[in-house]
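Q: With the hints as constraints, model all of the structure from the sequences given.
The sequence shown begins at 1 in the working numbering and counts up one residue at a time.
Derived from the structure by calculation, the hints contain no laboratory data.
Certain hints may be false.
As the list claims (entries may be wrong) - Straight-line Cα separation of at most 30 Å, DSBU-like style, residue types lysine-lysine; simulated pairs:
1) 179 with 208
2) 179 with 257
3) 71 with 179
4) 201 with 23
5) 201 with 185
6) 185 with 71
7) 23 with 257
8) 350 with 146
9) 71 with 146
10) 146 with 179
11) 146 with 201
12) 185 with 23
13) 23 with 208
14) 208 with 185
15) 146 with 208
16) 201 with 179
Quick caveat, the model's predicted, so the values are computed rather than measured.
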Amino acid sequence: PPYLQAKEENAMRQIDLGRTGIKVSELCLGTMTWGTQNSEAEGHAQMDMALSQGVNFWDTAEMYPVNPVSKETAGRTESIIGTWFAARGGRARVVLATKIAGGGQNAVRDGIPPSATVLRQAVEGSLRRLQTDWIDLYQIHWPARKHYHFRDNWAYDPRANDAAQTEALMLDVLQEAGKLVAEGKIRALALSNETVWGAAKWLALAEKHGLPRMASVQNEYSLLCRQFDTDWSEFSVMEDMPLLAFSPLACGILSGKYQGDVTPQGSRRSLNPILSGRMSPRVFPATQAYLDIAARHSLNPCQMAIAFTQTRPFATIPIVGATSLAQLAVNIAPITLSGEVLREIAVAHKAHPQPY
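A: Here is the structure:
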């Protein structure tokens, strides 16, 4: 294919991943559809295209693929990446991130939350599937306690959480992670779907006990989901903890393909009708406001939405996924937004502040 003829150093800016000393591309390749919506061959083709355009930072998880998540498919995405490494070689060309399931997900270890023993088992399993000796960034997929992510913000009640129990579990995980770092199996540790309180505790425990510092946080962020803009924004800047922004297109909503409440054949919505709680009557007018901005300025709405995440006052690396090479080519093409576009986005956000 023509894209394989491009140089792997093609124009993609490399940035610092917090305080890790690791340089990564300013975009991250998401992989969670490989193994359900995408075949192994399609996953390999996406990795080829991404690397040819300089996207050397890839994110996966032991739980993937999604749509649906199941015991039968869990780990398949990592295996697809592993066969790519086996076929293409050059593991050091890629900064690879994966995640341990945070507990409560029955498709992985029957929902057992992370602990020292579970962490080691999960890392060893990922290393086997990925056919690699090391993981560059190892993330805890979500907290082992109640939290407000995945639309749980509407009825969030933290009173069932126990601070002492939570801290003891964190310390147990950090101590084992320290051993895995010393063994060269993990380069850096990170968070996902975490809260500011949780992140502060992770950092405090690491500093107190001389254990690995959490390097980044992977939370949802898009034009339609901006919970990160307040307390998390301050924490991210003050602690130099970059955001890896997942779902920057809100599961494809911001492309406009669901406007009119339609469900295109083969789309994620055809497999997940409410898009994990993102579909609501408020979504359509909010999306239209952003589609209108893109149209007025002759911008592709997907490119506009992804580029917006990179304009924030906190360091942000959007995780870009696709189910076709055509989608991926659009989504990884860098653009710069004008001040006028950003001003219009700010007006639209005030009119539609929390559509889901």
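Q: Please write out, lowest number first, the hints stated earlier that are contradicted by the structure.
A: 2, 7
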